[in-house]
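Undergrad: These are the residues of each chain, in order.
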Amino acid sequence: MTKFLEEARVITNRMVAPGIWSMRLTAPRLAEAAAPGQFVQVQLGDSGHALRRPISIYQADTGRGEIRLLYQTVGVGTRLMATWQADRRCSLLGPLGVSWPVPEDAHRMLLIGGGIGTAPLAMLTQQLKTRIATHVTMIQAAQTAERLVARDFFEPLVDTWICATDDGSEGARGLITGPLVTLLESTVRQEPAAAAEPEQEPEQEQEPEPEQTPEQEQAPAPERFDVAYVCGPEVMQIPVAQLCADYGLRCYVSLERRMACGIGACLGCVVKTKSGLQKVCQTGPIFNAEEVCWNDNVASRAR
Amino acid sequence: MITLPPELAKRYEKEAALELEFDEDTQSGRAAAAGSSAQSGPAAEQKAPEAPPLEVDLRVRIGSLTLANPITTASGTFAAGREFNDLIDITRLGALTTKGVSATAWKGNSGRRLAETASGVLNSIGLQNPGVKHFIRYDLPWLQEHAPDLPVIVNVCGHRISDYTTVIERLEEAGGVAAYELNISCPNVDCGGMAMGVDPAAAAEVTTACRAFSLRPLIVKLTPNVTDITEVARAVEAAGADAVSLINTILGMAIDARSRKLVFKRGVAGLSGPAIKPVALRMVYEVAHAVKIPIIGMGGVATGTDVAEFMLAGATAVALGTANFDNPCATTDALDELTRYCQEQGVAKVTKLTGAVRPAS
Chain X
1 MTKFLEEARV
11 ITNRMVAPGI
21 WSMRLTAPRL
31 AEAAAPGQFV
41 QVQLGDSGHA
51 LRRPISIYQA
61 DTGRGEIRLL
71 YQTVGVGTRL
81 MATWQADRRC
91 SLLGPLGVSW
101 PVPEDAHRML
111 LIGGGIGTAP
121 LAMLTQQLKT
131 RIATHVTMIQ
141 AAQTAERLVA
151 RDFFEPLVDT
161 WICATDDGSE
171 GARGLITGPL
181 VTLLESTVRQ
191 EPAAAAEPEQ
201 EPEQEQEPEP
211 EQTPEQEQAP
221 APERFDVAYV
231 CGPEVMQIPV
241 AQLCADYGLR
251 CYVSLERRMA
261 CGIGACLGCV
271 VKTKSGLQKV
281 CQTGPIFNAE
291 EVCWNDNVAS
301 RAR
Chain S
1001 MITLPPELAK
1011 RYEKEAALEL
1021 EFDEDTQSGR
1031 AAAAGSSAQS
1041 GPAAEQKAPE
1051 APPLEVDLRV
1061 RIGSLTLANP
1071 ITTASGTFAA
1081 GREFNDLIDI
1091 TRLGALTTKG
1101 VSATAWKGNS
1111 GRRLAETASG
1121 VLNSIGLQNP
1131 GVKHFIRYDL
1141 PWLQEHAPDL
1151 PVIVNVCGHR
1161 ISDYTTVIER
1171 LEEAGGVAAY
1181 ELNISCPNVD
1191 CGGMAMGVDP
1201 AAAAEVTTAC
1211 RAFSLRPLIV
1221 KLTPNVTDIT
1231 EVARAVEAAG
1241 ADAVSLINTI
1251 LGMAIDARSR
1261 KLVFKRGVAG
1271 LSGPAIKPVA
1281 LRMVYEVAHA
1291 VKIPIIGMGG
1301 VATGTDVAEF
1311 MLAGATAVAL
1321 GTANFDNPCA
1331 TTDALDELTR
1341 YCQEQGVAKV
1351 TKLTGAVRPA
1361 S
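Quick note, the sequences are listed as chains X and S, same order.
Read left to right, the first sequence gives residues 1 to 303 (our numbering).
Read left to right, the second sequence gives residues 1001 to 1361 (our numbering).
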């Protein structure tokens, strides 16, 4: 896919949850070209900022020639973006990176999104819903119920929607790994391949595995999932990737790194993988979770 | 000193003769300043009040190499051009300067590699590159196919002198390279890199060694992280460098107050971008007054006006680096703007700008 620069115009830019913003822009070429999981480099257009900001494409509306970005105000760049008013023009570079792989023989899909990480799963969900005999389950997690990003989009669209919040204000209380284990267990008749002990996280305590209810144990196990698609903070991705590996579930993750060029030239965003250092902007942002050397990478992650 | 093969020696003589010719033709810029010679030459004859825009001769010379215009890329910001090819017409560049190429593959630095700063970027990439064999197999053929006439300046890096000469030896065998830029100024590697560039004797030594392996223009890239950059510039000139390029990044640091940790594993990182432009401009000016060889100026260059400023300070050619990240078309945009600038200023030959800055009034 060829990348290009497009002069976009802001239509609306509003806060949809604490610290989380939704920006609609007219960008007909990008709307046409964008594939699920890809991102754009947003020029801040301010001489004080030497770098663009990589933001995933949340939605693309080819009919209206619009794209939508969901972003969290985490630093000076995104805070500046949050001040943009309607009609502001900005240069977008994209579409960048690879899209989510959708294997032809896969029909039972599991989407796992944490916080703002649900944004790059939206176009994928739309794509999956156009496929025949495809069942989509989503587990969405956030700090609080109001931060369940784009819940209104996902919940009606997917076949099964499960959520977890840190404070228990909606769904299961605690980390996403709780409901994930329950779900994975329910699809397995026999013992899982190995002890489903997720890797220890440095900062957060692991939620103990929720006990299964007798009903679940007696009911016939649903079919196993074919693929898991994961995006969210790395502290969530690591145990999720581990769980998927333990249950033999093919897992794709979308990674995030600080970037300069966004097109593979500067080598600022590399991650260690089993096939050497790979550029998140070009080989990624989507990787097969089994390929990622998580232990080497988590230390290099800026918190 | 290694004796040159007769074939190379012959070519060198031919190129040296060409150089003389060119010097007489256009290279009087720095000495003549903004003098009357600006009106000479065929292009200037077209200058008339009602005439179409002035046709500007944008050609510049770096040693024996003629560039179609003074614009090039700063090493490490443009890879070997491929990534930018669907965004700009890379054949419009005066030259393409590649990312650092080493004798064997380098992994670069672990940990975080980037931090944006006020009007700048700190990087700690550490010269990650797949090595000269990969460059010859993968990048050179691509460049020859997509930009056969574009002069390619290969940035050469190493831990020790033999690494530099190995890279040059391999590339001389392969062909397709127009000039070499010796990277003795990268602040992001422990061994080689800047360690050689801060010591005039070591800088001269690596220059002499590389000189023996090629007759193509040898450009030495200087670090600003010294007390007196002119000392190193003079040393490499005396050792046979055809040109110097400056500045590499300025040594910086970032600290995360919340975690109370250094942001980069090596602590230090290299600062680039608009923030360093005034420092770069000053150093180009200083070096222009210290050496006779041409200067490729760089450091925070983002626009055609910036290019003109660096040329006025004494640069013959100018590289854009960090600007490519914010605007992938920065180089070609700067070329268009430089052309307009020359037309507006009545500069028929861009070389007339070199060193033509006048004192403040």
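Read the hints as simulated data drawn from the structure, not as lab findings.
Given the structure is predicted, the values throughout are model-derived calculations rather than measurements.
Glycine is no exception: its CB is placed at the ideal position from the N, C-alpha and C atoms.
Take these hints with a grain of salt, some might be off.
[Claimed, not checked] So the derived list for chain S, only partly shown, Cβ under 8 Å to chain X, looks like this:
#, residue
1, 1118
2, 1289
3, 1328
Undergrad: Does each hint hold? Answer for all of them.
TA: Right, here's what the structure says about each hint:
1. 1118: Because about 6 Å separates residue 1118 of chain S from the closest Cβ in chain X, which is inside the 8 Å limit, the hint holds.
2. 1289: Given a least distance of 30 Å, the restraint on residue 1289 of chain S is violated.
3. 1328: holds, 7 Å
Checked against the numbered hints above, the structure breaks only hint 2 and satisfies the rest.
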